[in-house]
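**Student:** Chain residues, written in single-letter form:
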Amino acid sequence: MNKRLLIAALLCLPVFTSSAETKVSEQILANGLKVLVKEDHRSPVVVSQVWYKVGSSYEPGGITGISHMLEHMMFKGTDKHPAGEFSRIIAENGGDENAFTGRDYTAYFQTMDKSRLEVSFELEADRMRNLKLLPEELKKELQVVYEERRMRTEDKPRAKVEEYFMATAYANSPYKNPVIGWPSDIENYTVADLEAWYQRWYAPNNATLVVVGDVEPKAVFELAEKYFAGLKPSEIKPLKPQDEIDQVGLRQVTIKLPAKLPYILMGYKVPSLKTAEQEWEAYALEVLAGVLDGGSSARLASELVRGKQIAVSASAGYGLTSRLPELFMLDATPVEGKTLWDMQSALKDQIAKLQKDLIANDELQRIKAQVLASAVYERDSAFYQAMQLGMMETVGLGWKKVDEYVDKVNQVTAEQVRDVARKYLVDDRLTIAYLEPQNIQSSTNGSTKKGDK
Amino acid sequence: MRIHLLAFLFLVFSQSVWSAAKIEHWQTAQGSRVYYVHTEGLPMVDIQVVFDAGSARDGAQFGVSALTSALLDTGAGAWNADQIAQRFESVGALFGSGISNDTAWVSLRTLTDKALFDKALETLQTLLAKPAFNEADFQREKNRTLAGLKQREEEPDELASIAFHRALYGDHPYGHPAAGLIETVSKLTAEDLRRFYQRYYVAANAVVVIVGDLKREQAEQTATALLSGLPAGEKPAPLPEVVMPQKASRQHIEFPSKQTHVLVGLPGSYRKDPDYFSLYVGNHILGGSGLVSKLFKEVREKRGLAYSASSSFSPMLRKGPFTVGLQSRNDQALEALAVLNKTLEDFIAQGPTEAELTAAKKNITGGFALRFDTNKELASYVAMIGFYELPLDYLDTFQQNVEQVTVASITDAFKRRVDPQLLQTITVGAAGKSKQ
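So the protein sequences, as listed, match chains A and B.
The opening residue of the first sequence carries number 152 in this note's numbering; numbering runs sequentially from there.
The opening residue of the second sequence carries number 5 in this note's numbering; numbering runs sequentially from there.
If we strip away everything but chain B, and leave its shape as in the complex, we get (with noise of 0.2 Å):
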């Protein structure tokens, strides 16, 4: 479920690096931008290929930017998709693509062996350069992503999600979901992937992020080559801006599921946020700390009512969701969320106890450097600053930033950005339309 993921990453995002990891940065001759780290003790690297082409940029075809990231290693070059996924698998290399709202990114994993890491770097350099987009591959990965969206109405979490974003966004580009509708990906055709391509697969929309153990002359070198068939090309314009909603709303879905599933929220916060700290810190204390949360003792610790019980903020650029959810069983969603939404208001009302906001710094700094003690981790994080353009010493100003929060300014950020009056509730589940 796209909230679940994107909560996470938040979270994976939110934190810091100790001192070791030094991001140098440089731009290519193209216009791409390059984040680079140097990190040593397994012959390995991350690298990414990020472009501002999520699904965002679908227009009114829903679906494009997810049905273009997965054609890209079914067939490029000379290879089709059993030769491209040898070329990556005979050497262990690892290849990843997908997209978010903001991005269309492409991985690759690889060992730094040069006999293995050239072949694989060649081959991820094609699929950059000269995906097919054959009309035989696009009908059958069209197909797959159609059934994938039949799928997707099984499940009262992924049906919570869709609602819970038009009801946020309406209009926005942040309003549907990011792998379509069966209505918008029925109509797309090979010609309008290919056209969706052209325009945001460009060097000048690409970030490039290499993590691992290749010395700058060869990042550089990767970098280069990488990109080295795409055209400069331009950004595109900037999203609009999210218009929040004029009022509060409350909708529900009759699923016949044992629990039901319960999201509240609003546009929240948008990545070079001024109140992001503020926002970050306090959520944390609300319902982002996991076991020691207020939501998570209010609905759980406290009444048994969920399994799980958190809220997020979800910067992107623009106002990503702020989302607080649960799932309980039908006949007690109610009562849930009424403790959600008193929590919740409660909050807003009264700020945080400088003993909570002293246990939250503790522990957001206190686990400073685990919260990417991984390569993989590390390269995500630096994915994040390279594309949203955060400081290069995003990593070390944060917890000097996270310290700087106050109960004020945390009290004073919510209200001001989490207006109870206009909060959008979805339920999704069997509690009958009599309960509302």
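Just chain A, with the same shape it has in the complex (with noise of 0.2 Å):
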């Protein structure tokens, strides 16, 4: 097969799939709302998403976790909608409803017929500026994010690595806290932290609201008008920037938890999209990323877990859309009779091999090829489409970014991605964790036979 003839019908893709029904129409309120419409007319469905400019790395100590201790009590009413009017109307009205707290955002989304659209524009204008904070919808729903605590986190043991991981290489970006908050903040939120937070940063000028779906631009606007324009705008104060100060040599920790296999969990500090000096540097990391995980023919997958047959499972992954700089990771799991230290030699062979050699040819041409399909791929779901929005816009990129994407990984090359490497994938950026299994005892008993063990 013609390698060149493939990847030339896939360039030409962007031009076979880009229209007018892929544009994007922005409009700003006169209190500082930004509202971004995208049509996508191939189903009957309209996605409404509210941004908000606040996450955990916008918290201080003491209340970590309180951005997402808010998004829970976004639900719990305001004078005109008592706790549980919001989602039940949202339900009878045939929505799927939720809403995510990330490090640099927080996120209420609903998923309606597109004639429902104004059900979600009244409920979600209602809670920017109305919640109302009880005591004891606290005292309930404190528990329930507890219980969330310990299902996502307590009772997952790569999870808590996870977790001692950044609070050990970072010394003070707020991305060293997890967004669900350390166990004694969330125990101490009281209602008056809560109030603070919400006036703080629950205003139409540190939001964003995005639609995609089966509707007109003009008329989205219109309706935003007629629920938002009301709303009053805040003083936003800016956000301290707490710089993470440089990390000058290895950091390493082992971490001894119940579990059954080793891992290790490795991270370089690199720059994001938002703060690298060079935008191209950002790009390249991501296709670095893709040349060690981009596929079951990307050099993990086929080096270290067929080929040598060092690891079970193995990934390394690179978000550009932080708002403050990142870190380019990587982990595995060893296969029985290898140690995490064999382990950690293999991954980082892979990262001297990609300062020492350009990349192949072949490599670069197939991930642009994905890249370029995923580019369609993605459009197949409009609440995607939504979050990549959302997301650039909220960490401070623009959703212009968006469109951008694809052109600047086609621009990448080789000598960049070695560049990146010798410059970011170095021993004094590198933090490294080790999950050390301890035993972990269990038993049966009941009224029927154990199961498998």
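Hints listed in this document are in silico derivations from the structure and should not be mistaken for laboratory results.
A virtual CB, placed ideally from N, CA and C, is assigned to each residue, including glycine.
Check the hints yourself; a few may be wrong.
Claimed, not checked - DEER-style ranges, computed between Cβ atoms:
{"id": "1", "chain 1": "A", "residue 1": "K407", "chain 2": "B", "residue 2": "K366", "range": "31 to 41 Å"}
{"id": "2", "chain 1": "B", "residue 1": "K118", "chain 2": "A", "residue 2": "K369", "range": "34 to 44 Å"}
{"id": "3", "chain 1": "B", "residue 1": "P424", "chain 2": "A", "residue 2": "E287", "range": "28 to 38 Å"}
{"id": "4", "chain 1": "B", "residue 1": "D350", "chain 2": "A", "residue 2": "E287", "range": "21 to 31 Å"}
{"id": "5", "chain 1": "A", "residue 1": "A318", "chain 2": "B", "residue 2": "A342", "range": "53 to 63 Å"}
{"id": "6", "chain 1": "B", "residue 1": "P424", "chain 2": "A", "residue 2": "Q350", "range": "32 to 42 Å"}
{"id": "7", "chain 1": "A", "residue 1": "K231", "chain 2": "B", "residue 2": "D350", "range": "30 to 40 Å"}
{"id": "8", "chain 1": "A", "residue 1": "D508", "chain 2": "B", "residue 2": "K118", "range": "34 to 44 Å"}
{"id": "9", "chain 1": "B", "residue 1": "A342", "chain 2": "A", "residue 2": "G212", "range": "52 to 62 Å"}
Stated by the list, open to error - Facing chain A, according to a computed beta carbon distance under 7 Å, are these residues of chain B, among others:
{"id": "10", "residue": "G45"}
{"id": "11", "residue": "A89"}
{"id": "12", "residue": "R144"}
{"id": "13", "residue": "K146"}
{"id": "14", "residue": "A151"}
{"id": "15", "residue": "R199"}
{"id": "16", "residue": "I257"}
{"id": "17", "residue": "K262"}
{"id": "18", "residue": "L295"}
{"id": "19", "residue": "R304"}
Please dock the two separately framed chains into a single complex, following the hints provided.
**Tutor:** Shown next as structure tokens:
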């Protein structure tokens, strides 16, 4: 098969697929609310998301996790719509809804039949300024969040490793804190803490409303005007920078937990697209992640899982959309008979190779092909498209970066990939966590026989 | 965790499509059933080939279905694993494979540009027709599976799921974990996989699903080409009926976790169940509708006892599990279990109110289109209709079937089908024996 021909076919695709319907329309209301609308008429559905510029990386010590706690409390009612009403109304209108909190954002969403967009706007506008925080609701919801922490982190060895890892890798960047918050911080939130946090960040001039679906931008802007224009803006005080101090040597941490398999997690301090001195560095890191882990033909699967057969699994990842400097992460589980030390050497050999040799043209072309194809596949999901716009806007990159992505990745060269490997994937920027499994004591009783042990 | 995955599939599958999605159906010369939907707007297609070759066909070799599926892309025809991966990835195609209790499937998402599409399709066709099952690949994948099975023992939810299926199904083919057990997987040989493949990966046992921007003629050629290398073979015998448990049971697994995982349930509903819509809508009210269900309100909203509390039916060829589950900190898990049981018992005894039923119907029918507003979801839906041989108008009549459900039909169906005297209860956590 002629490779050149295939790539040529792929390169033609953006032209083929782009059309007026992929355009984003933007309008900013007088109170500062930014409204983004993207038409997608493939099904009679609309996704509506409200993104607030606040997340765990905005939080000072003592109240870590409060953005996430507030996200939970946002379902607990206003004067107009008491606790439970929000969800009941959305459900009765056939909607799906939920919310999520990250390091750099808190977002709320509804997916509805296109005729019900107004229902979502009315409710979201109401809770943007009129949330009622009640002590008895907080008391119950605190328990829920604590259960969430137990479920997501406490009882999952690898999630705990990641938590310890982040706390080691960062000295003073707020990325050192878990999004859900530290246990004793969660235990001690007060209504006053939440009220202050809500007043400080929940305002139209600190939010982006993203709508993707079978809608007309003009009609959406009119609806947004109707429901959101009356909300008062706030004075949003700028965040303190909390710049991470320079790392000046390798950091290593051992974590002992009840577990069955050893595990290694490595992270190099690298810039995000927002913080990179030169933009191409972020795109080159993105390609580098693809070289290592962009599918089953990528190096980690091909050389470590198959090839040398040293890893049960191995992965690499980089997120270019963070507000603050990021970590380029590698993690792996060694096969039986191999140690974490063997695993670490193998991963570092992979890094060394990237610093020494240029990646093959085949690899670069494969990654570009995947990026081009993904740009088509992503458009299968209105929700995902809305996520991309909301996230880029909220971390301060601006939604237009979404449209640039394919082109920028396409411009990355093999030399640039080698250069970022040499510059950033060095020991002085590296943190390593080792999970040392401890014995799990378990036993069974009851009226039926035990399962498989 | 399997339970949650099934619950998720159930949600996706159990909704309907707006009238635009027209399913076309035909049979190939070798006896494969083909289901095709033409969608426009994006130059891509989702293809699935589904076999009746899930873990329920493992026999005594628990895990053979899963490992057979895992080996498919490690060597086929003249290609090794690297070459196969390169062939897909160089054209931006996404290959997947996996199993459930009932099915083994391969999936391909690819662009429809001819040169790209042809290369991806040829690769998939070869994987299906000429998998190598090389000894070296087999040993490696087996070791990786064994490591995964070991890691499973770190997670209380996995242990709960395994015990739950065993309690519900005993020696029935649904009773063991789909990935197998350490002692059964250790004994497997490459020859066992080859035999499993030869028996079940045959044209008569295959369902082909094509959803995307291909013309009917292209879809016909695609289906024929995909299966051209497979012998006609024959369908396996139907799975045995599920025998209901004789009495309620309660099992606790002591585990050093912060939360206790609770699962309660029994064999519930199957795909062609005449009670299906009553059970589905009833469960939606009980614990299937996320933030507004009765369970969620009782356990989380009123008492703050858990982060998630939900219930689901997972209809399969035979009765799949009806599962009610939550996780709560060890010292209040029994209280949470009591609330769960009370909510369930009250619902079985009294059924829903008219207002609850009306709200549920509004939610289900009002959200009709958004349940599969992506090509991917639609393809999964069509695969479900095809594999389980549901009527082709299943989507068109879905809302109507939901509307016909009444308070009486729900109450009647739950009384007959969810007998509290037969419920199986599993707890995994550090609750301690004394708290039984």
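**Student:** Against each hint, give a clear statement of whether it holds in the structure.
**Tutor:** Verification of the hints:
| no. | hint | verdict |
| --- | --- | --- |
| 1 | A/K407 <-> B/K366: 31 to 41 Å | violated, 52 Å |
| 2 | B/K118 <-> A/K369: 34 to 44 Å | holds, 39 Å |
| 3 | B/P424 <-> A/E287: 28 to 38 Å | holds, 32 Å |
| 4 | B/D350 <-> A/E287: 21 to 31 Å | holds, 24 Å |
| 5 | A/A318 <-> B/A342: 53 to 63 Å | violated, 38 Å |
| 6 | B/P424 <-> A/Q350: 32 to 42 Å | violated, 49 Å |
| 7 | A/K231 <-> B/D350: 30 to 40 Å | holds, 31 Å |
| 8 | A/D508 <-> B/K118: 34 to 44 Å | holds, 35 Å |
| 9 | B/A342 <-> A/G212: 52 to 62 Å | violated, 39 Å |
| 10 | G45 | holds, 5 Å |
| 11 | A89 | holds, 3 Å |
| 12 | R144 | holds, 6 Å |
| 13 | K146 | violated, 11 Å |
| 14 | A151 | holds, 4 Å |
| 15 | R199 | violated, 24 Å |
| 16 | I257 | holds, 5 Å |
| 17 | K262 | holds, 4 Å |
| 18 | L295 | holds, 4 Å |
| 19 | R304 | holds, 6 Å |
Violated hints, in rising order: 1, 5, 6, 9, 13 and 15; the structure is consistent with all others.
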